[in-house]
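Enquirer: For reference, the chains in residue letters:
Number of protein chains: 2
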Amino acid sequence: MTMDIADIEPVDRESTAGIIAHRLREVIMNGSLSPGTQLGEAELARRFNVSRGPLREAMQRLVSEGLLRSERYRGLFVIELEPGDVRDIYAARLAIERAAALEVMSGDRDSAAAMLDETVWAMVAAAEDNDPTALSDADLRFHEVLIAASGSKRLARMARVLLIETRMCLAQLQSTYRRVDERVAEHGRITQAIRDGDTPAVLALLEDHMEDAVQRLAPGTTLRG
Amino acid sequence: MTMDIADIEPVDRESTAGIIAHRLREVIMNGSLSPGTQLGEAELARRFNVSRGPLREAMQRLVSEGLLRSERYRGLFVIELEPGDVRDIYAARLAIERAAALEVMSGDRDSAAAMLDETVWAMVAAAEDNDPTALSDADLRFHEVLIAASGSKRLARMARVLLIETRMCLAQLQSTYRRVDERVAEHGRITQAIRDGDTPAVLALLEDHMEDAVQRLAPGTTLRG
DNA sequence: AGTCGTATGATTGTCAACAATCCGAGGACT
DNA sequence: AGTCCTCGGATTGTTGACAATCATACGACT
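The listed protein sequences correspond, in order, to chains A and B. 210 is the number that our numbering gives to position 217 of the first sequence; each next residue is one higher, with no gaps. 141 is the number that our numbering gives to position 148 of the second sequence; each next residue is one higher, with no gaps.
Hints should not be assumed to be uniformly reliable.
Since the list gives no way to pick one copy over another, a pair counts as held whenever it fits inside one copy or between any two copies.
[Unchecked claim] Mimicking EDC-like on lysine to aspartate or glutamate, the simulated pairs with C-alpha atoms at most 20 Å apart in a straight line are: (1) Lys146 x Glu73; (2) Lys146 x Asp78; (3) Lys146 x Glu64; (4) Lys146 x Glu204; (5) Lys146 x Asp101; (6) Lys146 x Glu75; (7) Lys146 x Glu175; (8) Lys146 x Glu7.
Read the hints as simulated data drawn from the structure, not as lab findings.
Put together the whole structure using the sequences plus the hints.
Expert: Here you go:
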């Protein structure tokens, strides 16, 4: 970790609305705010120790991201995921992650695989500790890293919301996980296929990965038309 | 257009922030606000005839969508598209529209093709009138309809920003359009392939469509790794 | 009993004033 | 000439108060 003159980049402290939005996203993601609950401005403002102005600005961000639903003169509510949404989320994720994977395949595969391996190790550790939360965290981080490795600002931006919604699915449906070994291994196989440069295998594995998740979370539906 | 009891759905007038965000998006899209320009809160508030509160809320929406860039204590600016962004935008669009097309192929292809045809006709009319603005509008509408036909809320949400950015690219680089006939015909071919149920052709045509655009707007770069 | 109107409390939407910060011009000093 | 400091104008960030709207409970009427 050396510091170089080239590493200097313009500072711009995040705006208050940005900070609050960030923390709100986390709270929604980890399930502390279950879907459908109303967010009272006054109480939230007190909790964050800011006035209602910046808080409302933060909430408008989440509205545009689709995480909150706004009813005029009535309030803002955490979105509720209907059955059809599960398929929609995973179909969208497949679209994004497929594109990200393709970018990775024509880039620095080895460094990407190395970063992915770290998240797989984290999954292994979480599995050994029998810590389902850490396992899900590492799982999502795998996909986050994959998308980040693509280097695409826009894929990353779009994926952020999708991964939050994925977490909401998992929390809401408290899915009966498949054997953790298998779940971890699947990520390992994707990583290996990336390292090997086997593009068709990567795409096939990704599709299977999403398809499995959909069938587990919303039995009876499928990604394949 | 008959009215049925089943058509009744809960009314929820759009919030003021939503209306302003909508109009701001349009202004940014059609190029009245060129990239890099600062948006003064006071002046905009006067123009929209609202106070700064709702205006700021609207702007926060565009920030989270990536259309505005926020510098604390300095202001909000319309994003500037750097050379690499052109490729990023079209790569992301390909990911989204590819997924949308796949959904359409396993759905009601004929009704989708019918709706797409309407936009192609609009392109033909615009071409005959020699109206480049109308041509671009119809072009974007084609892709908007394609994504809407997929029925995916999330694909639609993600595409909205991408199509705005596409318009910004076109305005900024005022590209030397290819022969309009060819441009219109390409959309016609995609529509026809959808109607025919020829999935491989649809995907190939879509990829070519995006690849052509990238090479036209950012010579020397390509989508294909 | 059931329905309609009304009052009430709470919540959201809006606003205008105040505080914090930044940019640029001008001057003092080396 | 060049650098640094300071000050003024302008813009953004924040706040608390006020207006508009909604949900609920209660009572009058049929």
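Enquirer: Each hint needs a verdict: does it hold in this structure or not?
Expert: Status of the hints after comparison with the structure:
In this homomeric assembly, Lys146 and Glu73 come within 20 Å of each other (Cα to Cα) only across copies, at 14 Å, whereas the closest approach inside a single copy is 28 Å. In this assembly of identical chains, Lys146 and Asp78 lie within 20 Å of each other by CA distance solely across copies; the values are 9 Å between and 25 Å within a copy. In the homo-oligomer, the alpha carbons of Lys146 and Glu64 lie at most 20 Å apart only across protomers (19 Å), although the nearest pairing inside one protomer, at 31 Å, exceeds that limit. For the homomeric pair Lys146 and Glu204, the shortest alpha-carbon distance between copies (19 Å) is at most 20 Å, but the shortest distance inside one copy (26 Å) is not.
In the homo-oligomer, the alpha carbons of Lys146 and Asp101 lie at most 20 Å apart inside one protomer (17 Å), although the nearest pairing across protomers, at 33 Å, exceeds that limit. For a Cα distance limit of 20 Å, the shortest separation of Lys146 from Glu75 across copies, 12 Å, qualifies, whereas the shortest one inside one copy, 29 Å, does not. In this assembly of identical chains, the alpha carbons of Lys146 and Glu175 never lie at most 20 Å apart, being 31 Å within a copy and 31 Å across copies at closest. For the homomeric pair Lys146 and Glu7, the shortest alpha-carbon distance inside one copy (18 Å) is at most 20 Å, but the shortest distance between copies (30 Å) is not.
Checked against the numbered hints above, the structure breaks only hint 7 and satisfies the rest.
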